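> In order, the protein sequences belong to chains A and B.
If you read the first sequence in the working numbering, its first letter stands for residue 1, the second for the next number, and so on.
If you read the second sequence in the working numbering, its first letter stands for residue 1, the second for the next number, and so on.
Simulated from the structure, these hints should not be mistaken for lab results.
Errors might be hidden in some of the hints.
Result set (DSBU-like, lysine-lysine): computed pairs, CA atoms no more than 35 Å apart in a straight line [what the hints assert, rightly or not]:
hint	chain 1	residue 1	chain 2	residue 2
1	A	K151	B	K375
2	B	K538	A	K108
3	A	K115	B	K627
4	A	K153	B	K538
5	A	K106	B	K532
Owing to the predicted nature of the structure, the values given are computational and were not obtained by experimental measurement.
Take a look at the letters that make up each chain.
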Amino acid sequence: MKRILHILSLGTLLSLAACEGSFEIEQGGEYKIYVQAIANSSFVYITPRLAAPVGSAPKETEFTVEAQVNGEPLRIQKIEREEGGPCYLAMPSSVLDAFEEGDEIKIKVSCPDAKEASGSTTVYSGNPIIGAEIENYLMFKDDRTERYGKKVKLILDREPEAGEHYALKIMIVSELYCSDGRTTTQIYHRAPGYLTSQMELTRFDFEDYMRFNFDETYLGGSGEYQPLTLLPDHRFEGHTYTFYLGGWDEDFIRDIVNNTPQGDGSIAGGDTPSGSIVAARPGSYYFTLYRISDEFYYFAKALYQSNFDFLSNMGLTPANFTYSNVDGGLGFVGFCAPSAFYVEGEYESINEGQAPR
Amino acid sequence: MKRTLLCAAFLAAIGYSLSAQVKTLQDSLEAAYVTEVRERAKNTTQTGLIRMDARELKSGIAVFGTPDIIKKLQMLPGVAAGNELMSGLYVHGGDGNDNLYLLDGVPLYNISHFGGLFSSFNTDVVDNLDFYKSGFPARYGGRLSSVVDVETREGDMERYHGTFALGLIDGRIQVEGPIVKGKTSFNVGLRRTWLDVITIPAIWYANRRNGADKDVSGGYSMTDINARLTHRFAPGNTLNVSFYTGRDNLRAGQETKKHQEEHQGTDIMKIGVKWGSLTASVSHDYEYSKKLRSKNMLYYSQSDSDTGYNFSFWNWDQGDNVTAMDDKNTGHIREIGLRSDWNWLPGSSHRVRFGLSAQYHWYHTSRNYTSTTEKPGALPEKDAQEESIGYRSFEPALYMEDEIFLRYNLTANVGLRAALFKTGSSVFFSPEPRVAFKWLIYKDLSAKISYTRMSQFAHLVAAMYMDLPSNSWMPSTDSARPMVSDQVAGGLYFTPGRHWKVNLEGWYKNMDHILVYNGSNTFTPPVTEWEKSFTEGKGQSWGLEFEGGYDNGKLSLTAYYTLSRTRRNFEAVYGNWFLDRNDNRHKINLVASWHFAKHWQAFANWNFHSGNRITFPSHYLVNGSSKTYLYDAPYNHRLPNYHRLDVGIDYFTTFRNQHTLQVNLSIYNVYNHLNASLAMLETLPDGTFRGKSYGLVPIIPTITVSYKF
Numbered sequence: 001m002k003r004i005l006h007i008l009s010l011g012t013l014l015s016l017a018a019c020e021g022s023f024e025i026e027q028g029g030e031y032k033i034y035v036q037a038i039a040n041s042s043f044v045y046i047t048p049r050l051a052a053p054v055g056s057a058p059k060e061t062e063f064t065v066e067a068q069v070n071g072e073p074l075r076i077q078k079i080e081r082e083e084g085g086p087c088y089l090a091m092p093s094s095v096l097d098a099f100e101e102g103d104e105i106k107i108k109v110s111c112p113d114a115k116e117a118s119g120s121t122t123v124y125s126g127n128p129i130i131g132a133e134i135e136n137y138l139m140f141k142d143d144r145t146e147r148y149g150k151k152v153k154l155i156l157d158r159e160p161e162a163g164e165h166y167a168l169k170i171m172i173v174s175e176l177y178c179s180d181g182r183t184t185t186q187i188y189h190r191a192p193g194y195l196t197s198q199m200e201l202t203r204f205d206f207e208d209y210m211r212f213n214f215d216e217t218y219l220g221g222s223g224e225y226q227p228l229t230l231l232p233d234h235r236f237e238g239h240t241y242t243f244y245l246g247g248w249d250e251d252f253i254r255d256i257v258n259n260t261p262q263g264d265g266s267i268a269g270g271d272t273p274s275g276s277i278v279a280a281r282p283g284s285y286y287f288t289l290y291r292i293s294d295e296f297y298y299f300a301k302a303l304y305q306s307n308f309d310f311l312s313n314m315g316l317t318p319a320n321f322t323y324s325n326v327d328g329g330l331g332f333v334g335f336c337a338p339s340a341f342y343v344e345g346e347y348e349s350i351n352e353g354q355a356p357r
Numbered sequence: 001m002k003r004t005l006l007c008a009a010f011l012a013a014i015g016y017s018l019s020a021q022v023k024t025l026q027d028s029l030e031a032a033y034v035t036e037v038r039e040r041a042k043n044t045t046q047t048g049l050i051r052m053d054a055r056e057l058k059s060g061i062a063v064f065g066t067p068d069i070i071k072k073l074q075m076l077p078g079v080a081a082g083n084e085l086m087s088g089l090y091v092h093g094g095d096g097n098d099n100l101y102l103l104d105g106v107p108l109y110n111i112s113h114f115g116g117l118f119s120s121f122n123t124d125v126v127d128n129l130d131f132y133k134s135g136f137p138a139r140y141g142g143r144l145s146s147v148v149d150v151e152t153r154e155g156d157m158e159r160y161h162g163t164f165a166l167g168l169i170d171g172r173i174q175v176e177g178p179i180v181k182g183k184t185s186f187n188v189g190l191r192r193t194w195l196d197v198i199t200i201p202a203i204w205y206a207n208r209r210n211g212a213d214k215d216v217s218g219g220y221s222m223t224d225i226n227a228r229l230t231h232r233f234a235p236g237n238t239l240n241v242s243f244y245t246g247r248d249n250l251r252a253g254q255e256t257k258k259h260q261e262e263h264q265g266t267d268i269m270k271i272g273v274k275w276g277s278l279t280a281s282v283s284h285d286y287e288y289s290k291k292l293r294s295k296n297m298l299y300y301s302q303s304d305s306d307t308g309y310n311f312s313f314w315n316w317d318q319g320d321n322v323t324a325m326d327d328k329n330t331g332h333i334r335e336i337g338l339r340s341d342w343n344w345l346p347g348s349s350h351r352v353r354f355g356l357s358a359q360y361h362w363y364h365t366s367r368n369y370t371s372t373t374e375k376p377g378a379l380p381e382k383d384a385q386e387e388s389i390g391y392r393s394f395e396p397a398l399y400m401e402d403e404i405f406l407r408y409n410l411t412a413n414v415g416l417r418a419a420l421f422k423t424g425s426s427v428f429f430s431p432e433p434r435v436a437f438k439w440l441i442y443k444d445l446s447a448k449i450s451y452t453r454m455s456q457f458a459h460l461v462a463a464m465y466m467d468l469p470s471n472s473w474m475p476s477t478d479s480a481r482p483m484v485s486d487q488v489a490g491g492l493y494f495t496p497g498r499h500w501k502v503n504l505e506g507w508y509k510n511m512d513h514i515l516v517y518n519g520s521n522t523f524t525p526p527v528t529e530w531e532k533s534f535t536e537g538k539g540q541s542w543g544l545e546f547e548g549g550y551d552n553g554k555l556s557l558t559a560y561y562t563l564s565r566t567r568r569n570f571e572a573v574y575g576n577w578f579l580d581r582n583d584n585r586h587k588i589n590l591v592a593s594w595h596f597a598k599h600w601q602a603f604a605n606w607n608f609h610s611g612n613r614i615t616f617p618s619h620y621l622v623n624g625s626s627k628t629y630l631y632d633a634p635y636n637h638r639l640p641n642y643h644r645l646d647v648g649i650d651y652f653t654t655f656r657n658q659h660t661l662q663v664n665l666s667i668y669n670v671y672n673h674l675n676a677s678l679a680m681l682e683t684l685p686d687g688t689f690r691g692k693s694y695g696l697v698p699i700i701p702t703i704t705v706s707y708k709f
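Generate the whole structure from the sequences, applying the supplied hints.
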């Protein structure tokens, strides 16, 4: 919080003191291929785009994508998407030929309008989540209400080694079951938190919140915010990783249940189930932990730091938001080893004996 | 009458003759001085060495009324200044935190006041300065890019005298003289700004306008004290005690009374920042014989900072509570050191220097934060956060160098420095060879070449390119290894004729394990696990420096030109080499001084360099109706060229009592060119872009009155 205050006060000070002028900058350079290629143990997800130089109009183009693992070509499958242009899957010829640790994956993208772009990454082994402990903690209390959040401890297969990078995606699913047999499901994408109360805001550290939209990474543009959070190394304790979640999502469902008259049938309007609410399952948790390669980590960190690029543009901080490991182009080629873990929520039955099975 | 006239004529003739002789002597001394200055570069073995004496350091333009050593060095070729008006010194592609500043042989870790507006060196007490950009002799070590060795002046052993000066925002007083005539002397200098005094009426007026419910306070002051005590036991047997302290104090506050119905509370905001340096040394110079002499020194150096703020808010709407936040950051580096330096002349063709040094460092940084909410009838809620980190390290070093006169026209300086650094269980050893050759091609022309390796065991932990008190020094660790540089330099040094000099020097420098901050953007750099916020990388710099000058004692004209290229490679920031922020490709400095009348001397400097580099988007992607901007490399654009003209004029007169009055009028940035300090990208209605720059430093006239007594 204090850091935000610092930045704002500096900005105000400078804007008051400065006398401005303008200058021409070099524009209209070369078009470049922008590549985001993320490999996992089964395939490589490649999204090429043609990046227009500032001052020039955007262009459509046709890409040719090639991929190799240890020098052997991979099969390429083109997928058309509604937004963001096509993407490509590069896969071994057989699903049995999964990538193995140490394999080197090379990507090459070309098009008629820009220089060829290429990059490579190395396959890592993952570090699966083997358990999760979730417990309530008292988050807020006053004369009338008590609010509880969740303290989550993920247990990994092994202790992360120095230099390993991880990212986490959290999905919370809340379900309501109605007497007509239909179910309404709410899906929330959340990021791990490290503060347990408002008072702890003083402990807020930007480094702990390096998150970005998961979909943007894949340039899917679905519009749904799915934060992927880079995990700071110092938060790991042995092979466990602990964080906090607000608990609002579960409370929201409980509030609906508590405020909906029995047998009313209308919960939120629209395509909702009818009949009375017979049961609720406020929170089932899906954790996806990604062990990510250096390139992925650097790129994601740069993406996060680009929120503050104005400080560097003003010449006040290093320009640490420009990462790319693509030769001849922009973007990155990286690897991630995902590992998912599901913690099924408890049913909170309204009408005894009617909980779905 | 006739006799009287004859006597008068005789005396006048003698007087004329004497004054003519004095003038001749003065002229010859002046000529010798000019010759000595002109031929310095040609005659020394080292490349990249610039020597300045008190006279050079005190003359010229005085920004804010204070001649500044660092601002003089910034004008030299091979040096980039970074942000305008600050004390940045980016030498041969260095990072600004890799210069070794020595004051009477004692390392100084913080050399700037008020974010860099002034440096810590008071020219009233400085005797001379050696500035090495390359060809570092083996006796120096611990920094990658340059050595700034400043020596204060011994006090006058025979008579008392001094200087009193009043500038635009500061005042200076310097006094020296004998304590025991011919044996013991002192030299003391004091410098203080009075911005805190100047701002009192403004604050008073602001409070008067604010009324009874608002009270503002604040002020800034800087104080420097230099002292040197010298005692001569016998010729060649001298004891020196040196002391320096520089303190900065910045405070600001505001109290606002708030009323809610019949209730009343107060919001309080207080900011206090104190920082500074302290050095103290005792040294003993002893001449055992004409061939052997030594200098042994014990010293202490400290740089510390204490920044804090306190906010207290009264919240009637939220239950009449008072929330108070108190944040305090402190840091220091302390060093105690021993040096023993020896000079030995074993024969006519060798001049050997050898010695050892041992330094013990204490590094400490801490941050304390408390937040308290008090509510009537309830227990206070309190949250406290405390983090601190401390290191102790030991740094011994041995060196030996030999100035070898290989032939009548060929000299070599061959040396080796071996440094060890221990922090906790981490131990680093750094052997550093130093070699320089000078070939006197003929009496007016010499050629030199040098190779040096330097290492640095201290890292500046800073999140921003600003000289903030919250920045701290930390030692090398296993995660932040010692930085290393290798530099080759060479040049031609020519003195064609009595008044001319032409020097041409080139360098190539390679730097390894240098650090760049890669953490979140904030004013307060990390405390614990600071290494994780930095990325290790490489740097390279090469360039060509030209210096051409004419000096006849009255008129001095010098032109400097630098053509250079500096680049960096930080794998985690960008997967390839990129040009550095301070890659000023061309740099031109024209310096003139003209003693045009008995009491008048005029100065002018014109400074030009290619703009600093900045990072702007190079490409973009279209995502529906929005654009995503992409960057092809860090520092991919250049700010507009920097240029400014400074002029100054001195009037000086000597009274009958030999006291001198000097009035200096200096105008910084005469034609008020607002050089870009910051820049942003602006999108024009037609979709094209242009840079929008912000200049912060306008024309600054300054007048300083000095009285020498």
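> Would you mind marking each hint as holding or not holding in the structure?
Outcome of the hint check:
no. : hint             : in the structure
1   : K151/A to K375/B : holds (29 Å)
2   : K538/B to K108/A : holds (28 Å)
3   : K115/A to K627/B : holds (22 Å)
4   : K153/A to K538/B : violated (39 Å)
5   : K106/A to K532/B : holds (29 Å)
In this structure, the one hint that does not hold is number 4.
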